[in-house]
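Given these sequences and hints, build the entire structure.
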Amino acid sequence: MEILLSLAIGVLTACGVYLLLRAQTFPVVLGLTLLSYAVNLFLFASGRLVEGRPPIIAAGQTGYADPLPQALVLTAIVIGFAMTAFVIMLALKARAELGSDEVDAQGEPHGDPTGEERP
Amino acid sequence: MLLLAPLLIPLVTALLTAVLPAHPRLRRGLSLAGVLLLLGAALALLVAVGPAGRLSVALGDWPLPFAIQFVADGLSAALVLVAALLGLTVLLYQFATEPANREAPGLQPLVQGLLAAVVAVFLAADLFNLYVWFELLLMATLGLLLLGGRPWQAEAALKYFALSMLGTLLMLAAVGLIYGASGQLNFGALAVASQAPGVAPGLTLFVVMLLLAVLLKAGAFPLFAWLPASYHTLSPPLLALVGGLLTKVAIYVMLRLSGQVFSATPAFLYEALGWLAMLTLVTGVLGAAYHWDLRRILAFHIVSQIGYLLLGIALATPAGAAGTAFFLIHNILVKANLFLLAGLIWLSAGHPDLRRIGGLYLARPWLALLFLLNAFSLVGVPPSSGFWGKFLLVQEAFAQQRFLWGGLALGVGLLTLYSMSKIWLEGFWKPHPDPTRLAGSQPQGDGGPRLAYAAVTFSTLLVLALGLYPQPLIDWLQQATAGYWAGFGPA
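As you go down the protein sequences, you meet chains A and B in turn.
Each residue of the first sequence is one higher than the one before, counting from 1 in the numbering used here.
Each residue of the second sequence is one higher than the one before, counting from 120 in the numbering used here.
Honestly, the hints are just simulated from the structure, not real lab data.
Since the structure is predicted, the reported quantities are computational estimates derived from the model, not experimental observations.
Note that beta-carbon positions come from the ideal geometry of N, C-alpha and C, so glycine has one too.
Not one of these hints is a red herring.
SDA-like cross-link-like pairs, simulated, lysine to any residue; straight-line CA separation at most 25 Å:
1) B:Lys278 <-> B:Trp411
2) A:Lys93 <-> B:Met258
3) B:Lys278 <-> A:Ala14
4) B:Lys278 <-> A:Gly99
5) B:Lys541 <-> B:Val401
So the derived list for chain A, only partly shown, Cβ under 8 Å to chain B, looks like this:
6) Thr25
7) Leu35
8) Phe42
9) Leu43
10) Ser46
11) Leu72
12) Thr75
13) Ile79
14) Met83
15) Phe86
16) Val87
17) Leu90
18) Ala94
19) Leu98
Okay, here's the thing in structure tokens:
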């Protein structure tokens with residue numbers, strides 16, 4: 001169980017970092033998503049791994065699983081989900097407006113960055 | 120209730136303004152009412168807490184290490200008030216410079232959401248709650264970065280997102296590790312647990328990880344590239360709000376975590392932090408010296424000022440903490456003022472690039488005076504608020520025989536003076552290269568130019584008051600931070 005979980009976290013992190021280092025928007029977004037999965041699994045493991053134990057103690061129960069990391073992971077998953085949805089929209093918008101998937105496609109707007117508009 | 124009011128007011132205002140997409144004026148009225156209420160609540164909280172007092176609320180009907188706790192002490196109450204004051208200034212300026220019917224419907228809810236998250240970080244008293252509010256801060260800032268929908272904004276927002284997200288993930292992993300090692304998340308319980316024999320050595324590495332994540336969010340060397348790459352795409356009032364508050368919130372967290380929660384961290388880490396502070400100081404100010412765009416110059420100065428704030432933390436004494444706290448309050452106000460003034464310079468002279476503007480000293484004498492007062496304060500000319508902030512920090516550095524750190528902090532002040540005099544010479548004294556652009560332009564919002572100037576003047580008066588009567592605030596902060604690094608100090 002421990003080996004399986006640590007392998008999963010390791011592989012997810014490695015893939016995430018690899019994708020992050022590509023200088024393209026979509027792989028970067030995917031890489032961050034994989035990294036956040038890895039961190040969520042990792043957070044889950046911080047409460048120690050136990051098998052077949054309930055998180056809520058009942059009468060006559062001998063052991064229990066730490067319920068706090070489970071609650072934390074749930075919160076982190078919700079936030080991560082919202083973030084992913086948001087950033088995919090952002091990436092699509094950038095792709096549509098800049099016409100390229102490169103991270104530094106636009107570079108610096110030279111000349112008058114405001115165009116016709118005032119601050 | 121008093122403790123939660125400053126958090127709930129902007130949160131409710133954000134919701135209320137979000138359901139009014141078709142009524143820009145009503146939205147603005149609500150938003151203004153929300154900030155005024157927040158200001159009142161912050162004042163009440165400040166009076167109730169007092170300099171050395173402490174208010175605490177435990178939510179969720181659990182006994183304390185498990186309940187979600189919010190705590191206000193002298194430092195956090197003072198910072199909540201500063202955030203409320205800044206919110207008021209920024210809103211008035213925004214009303215004055217942007218017409219209501221062209222305002223994006225998301226702006227007011229996002230501004231209120233940002234204020235709520237900032238206040239919540241100041242009041243949060245457990246690690247996971249801190250993470251959640253940091254995430255909200257990131258969300259609100261991303262939203263603000265995208266308002267207006269210009270092409271380069273999406274790119275800036277992506278860069279900001281990628282680096283902030285990395286910091287957030289690092290923070291989350293560190294929170295998990297700290298929980299795994301100590302079994303606690305609450306600040307008070309962690310402070311006890313981290314001193315326990317057998318826990319502390321293993322905890323150090325995880326605390327370093329957590330502090331690294333906070334440093335990334337603060338814009339410290341070498342991970343500050345996201346800051347000047349994204350901030351300049353914001354409109355001036357939003358830039359003042361984000362640039363004034365965001366990195367400083369991270370510094371506050373750094374101060375609280377290292378000074379109160381994990382105060383047993385070994386001394387060599389503070390040595391490392393001190394050198395990091397020096398590198399941040401110098402790279403920031405050199406970056407500013409290179410640029411000609413007003414907003415970029417000021418964005419790099421944010422990085423440089425973070426160095427001063429980290430220096431106070433690296434000194435790891437109550438006096439250093441009080442110096443950092445004073446500098447924090449001074450810097451939030453002055454930085455926001457300078458960004459707002461940069462917006463007015465841009466409006467009056469037609470461009471944010473210093474090479475293409477000039478002649479403002481004759482055309483806008485009041486603007487010149489306001490800029491001069493704030494620039495002097497940023498540089499640290501006595502008797503300005505910046506002088507007292509630097510005085511407290513450098514005095515403590517010298518008292519600890521850190522002559523190189525103190526000397527560098529003073530030297531960087533000279534380079535800051537160089538940047539400020541560059542803006543002064545190019546923007547105010549040099550004749551305008553195209554005088555026709557100087558003639559008629561004025562803010563086009565609801566209140567006209569007078570309201571924008573009034574907002575900045577109000578905020579500049581606060582800075583001036585800090586400079587002329589620093590003693591009450593210094594006393595207050597010294598009492599509030601008296602317990603920091605208790606039982607720990609340089610030998």
